[in-house]
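Please arrange chain Y on chain D, whose structure you already have, making use of the hints.
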Amino acid sequence: GAVVSQHPSRVICKSGTSVKIECRSLDFQATTMFWYRQFPKKSLMLMATSNEGSKATYEQGVEKDKFLINHASLTLSTLTVTSAHPEDSSFYICSARNSDGEETQYFGPGTRLLVL
Amino acid sequence: DAKTTQPPSMDCAEGRAANLPCNHSTISGNEYVYWYRQIHSQGPQYIIHGLKNNETNEMASLIITEDRKSSTLILPHATLRDTAVYYCIVKGYQKVTFGTGTKLQVIP
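Residue numbers (this note's numbering), protein chains in the order written: chain D, 1 to 116; chain Y, 1001 to 1108.
The following block holds chain D by itself, in its conformation from the complex (with noise of 0.2 angstroms):
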C-alpha cells in the first residue's frame, strides 16, 4: 500500500513551451500534498505545499506564477512549469501524505524535465 506515481517519468520540451506534471496517489486518499525539486548531488528542496481543494502555500523563493499548482481531488495533483527555461531543469518529485495518525509521507518516482 500507500503508493505515489507521478506522469510523465521524463520530459523533454522547448523553452518557452508549458509541462504539466501529474501526481496521483493510488491507493489512499491524500488531503495534502507537496512538491520538490532535486538538482544534480543535492538534497531535495521542498518547493510547495498542496492542500486540496484551496491554494498551494509556496517556500520563499519559489515563484507561484512559475509553479502553478492545483489539488483537485484527494488523489491528484499537478504542477504546471509555465514558460520554461532551460534553468528550470531539474529533477521533480512529489510527495502525498497518509492521514493515517502519523502523517507519513510517501514519494513518488519523480519526473526529470529537460528544457532545451
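Worth double-checking, as some hints may not be accurate.
[What the hints assert, rightly or not] Below, simulated SDA-like cross-link-like pairs (lysine to any residue); rule was C-alpha separation at most 20 angstroms, straight line:
1. Y/K1003 <-> Y/E1066
2. Y/K1003 <-> Y/Y1046
3. Y/K1003 <-> D/E59
4. D/K42 <-> Y/S1009
[To be verified] Restraint-style ranges between C-beta atoms, simulated for each label pair:
5. D/P86 <-> Y/T1056: 23 to 31 angstroms
6. D/Q29 <-> Y/M1059: 22 to 30 angstroms
7. D/T17 <-> Y/Q1042: 23 to 31 angstroms
8. D/S83 <-> Y/R1081: 38 to 46 angstroms
9. Y/G1099 <-> D/T82: 26 to 34 angstroms
10. D/V3 <-> Y/P1021: 39 to 47 angstroms
11. D/Q29 <-> Y/T1026: 26 to 34 angstroms
12. D/S83 <-> Y/A1013: 48 to 56 angstroms
Hints listed in this document are in silico derivations from the structure and should not be mistaken for laboratory results. Ideal placement from N, C-alpha and C gives every residue a C-beta, glycine not left out.
Just chain Y now, kept in the frame of chain D:
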C-alpha cells in the same frame, strides 16, 4: 522541525549489518523520527519511523535512545541494492524537510 546530523558517508560490506546513526538533540516530545532512502535517480523510499520505542519491519530496525536525542537505523544484512543516500528526518505534523543524508556504499 528539529534538525538532524548524519555522517556524510559510510561503507558496509555486503551481508553485514549496516548501522546508520543520526543525532537529533533538539527533538520535541511529539516529533517522530523517520528514515527514508533515495536510490540514484528515484524518489525517496519510506523505510521506517518511530516515536520512542524501537521499531522493526521487513526492511530495517530503528533504535531510538531513551532520551530520544539520537537514533540508529539498522539494515541487518546489507545487499548491493541497499546502496543509497539515507535520510534521517524528525517531524511532527509538518512537511518532510531533507538534510544532506548519509551516502551508504555497500561493498561486495
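We went through each hint and held it up to the structure:
no.	hint	in the structure
1	Y/K1003 <-> Y/E1066	18 angstroms, holds
2	Y/K1003 <-> Y/Y1046	19 angstroms, holds
3	Y/K1003 <-> D/E59	18 angstroms, holds
4	D/K42 <-> Y/S1009	14 angstroms, holds
5	D/P86 <-> Y/T1056: 23 to 31 angstroms	46 angstroms, violated
6	D/Q29 <-> Y/M1059: 22 to 30 angstroms	25 angstroms, holds
7	D/T17 <-> Y/Q1042: 23 to 31 angstroms	26 angstroms, holds
8	D/S83 <-> Y/R1081: 38 to 46 angstroms	40 angstroms, holds
9	Y/G1099 <-> D/T82: 26 to 34 angstroms	30 angstroms, holds
10	D/V3 <-> Y/P1021: 39 to 47 angstroms	30 angstroms, violated
11	D/Q29 <-> Y/T1026: 26 to 34 angstroms	33 angstroms, holds
12	D/S83 <-> Y/A1013: 48 to 56 angstroms	50 angstroms, holds
In the structure shown, a violation is registered for the earlier hints numbered 5, 10, in ascending order.
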